[in-house]
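Chemist: Sequence:
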Amino acid sequence: MSPAPVLDTVETDRLILRYRRVGEAAIYRQLWTERDPRVPPQRRIDPEGRPTVADIAAEVRAERANSGPGILAVERKGTADVIGYCGLIFPGNAPPDEPELVYELLRAAHGRGYATEASRAVVTWASEAGYRRLWATVWDWNVASRRVLEKLGFRETGRVEPDSVNGHSLLAVRE
1 MSPAPVLDTV
11 ETDRLILRYR
21 RVGEAAIYRQ
31 LWTERDPRVP
41 PQRRIDPEGR
51 PTVADIAAEV
61 RAERANSGPG
71 ILAVERKGTA
81 DVIGYCGLIF
91 PGNAPPDEPE
101 LVYELLRAAH
111 GRGYATEASR
121 AVVTWASEAG
131 YRRLWATVWD
141 WNVASRRVLE
151 KLGFRETGRV
161 EPDSVNGHSL
171 LAVRE
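Letter 58 of the sequence shown, counting from 1, is numbered 58 in the UniProt record's numbering, and no numbers are missing.
None of these hints come from the bench; they were simulated from the model. Honestly, I wouldn't trust all of these hints.
As the list claims (entries may be wrong) - Computed Cβ-Cβ distance ranges for the label pairs, DEER-style: (1) Glu-150 x Asp-36: 12 to 22 Å; (2) Asp-8 x His-168: 26 to 36 Å; (3) Glu-161 x His-110: 20 to 30 Å; (4) Arg-14 x Asp-46: 13 to 23 Å; (5) Ser-127 x Pro-41: 30 to 40 Å; (6) Arg-155 x Thr-52: 18 to 28 Å; (7) Ala-108 x Pro-37: 11 to 21 Å; (8) Glu-128 x Asn-166: 28 to 38 Å; (9) Ala-94 x Glu-59: 15 to 25 Å; (10) Glu-156 x Arg-21: 33 to 43 Å; (11) Pro-162 x Tyr-19: 11 to 21 Å.
Just so it is clear, CB atoms sit at the ideal spot from N, CA and C, and this is done for glycine as well.
Let the sequences and hints guide you as you build the complete structure.
Modeler: Here is the structure:
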């Protein structure tokens, strides 16, 4: 199999999606602090304050060494402020040609269509790069993200990972 295409820089009308930078680690940590309390504990700041900005900076540094499309910073044009991330990952047992779409934005950027705009650009790139199927997981209570996925042509598969504490995780696919 040939190496996975690399997702580098993508522009939309209002956004620039580009490699994340180590100096932006504090912004990505802020995302952790803003997460809904229903998000599982391993995806929130733990009692020891982890992940720290340094932990996240190390993660960003390591991303460049990974193969595959990757996660990009979502930067607003004109202001050059980073409002989150969007990209493609290959979780644990995912087929090598079926990445998962991921995105997360700062609360201050919610409700403006940025998640849809950034994700649409990544989905378009993925299609042009030859990926025939994309996956996404979303919490059943995250109505806004479920709407974003629907706008992008994802359909919920009916596969559910039940979680009585944090809500059910739903699997969506776009073919």
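Chemist: Each hint: holds or not?
Modeler: How the hints compare with the structure:
{"no.": "1", "hint": "Glu-150 x Asp-36: 12 to 22 Å", "in the structure": "holds, 20 Å"}
{"no.": "2", "hint": "Asp-8 x His-168: 26 to 36 Å", "in the structure": "holds, 35 Å"}
{"no.": "3", "hint": "Glu-161 x His-110: 20 to 30 Å", "in the structure": "holds, 25 Å"}
{"no.": "4", "hint": "Arg-14 x Asp-46: 13 to 23 Å", "in the structure": "violated, 35 Å"}
{"no.": "5", "hint": "Ser-127 x Pro-41: 30 to 40 Å", "in the structure": "holds, 35 Å"}
{"no.": "6", "hint": "Arg-155 x Thr-52: 18 to 28 Å", "in the structure": "violated, 38 Å"}
{"no.": "7", "hint": "Ala-108 x Pro-37: 11 to 21 Å", "in the structure": "holds, 19 Å"}
{"no.": "8", "hint": "Glu-128 x Asn-166: 28 to 38 Å", "in the structure": "holds, 35 Å"}
{"no.": "9", "hint": "Ala-94 x Glu-59: 15 to 25 Å", "in the structure": "holds, 19 Å"}
{"no.": "10", "hint": "Glu-156 x Arg-21: 33 to 43 Å", "in the structure": "holds, 34 Å"}
{"no.": "11", "hint": "Pro-162 x Tyr-19: 11 to 21 Å", "in the structure": "violated, 36 Å"}
Hints 4, 6 and 11, counting from the list given before, are not met by this structure.
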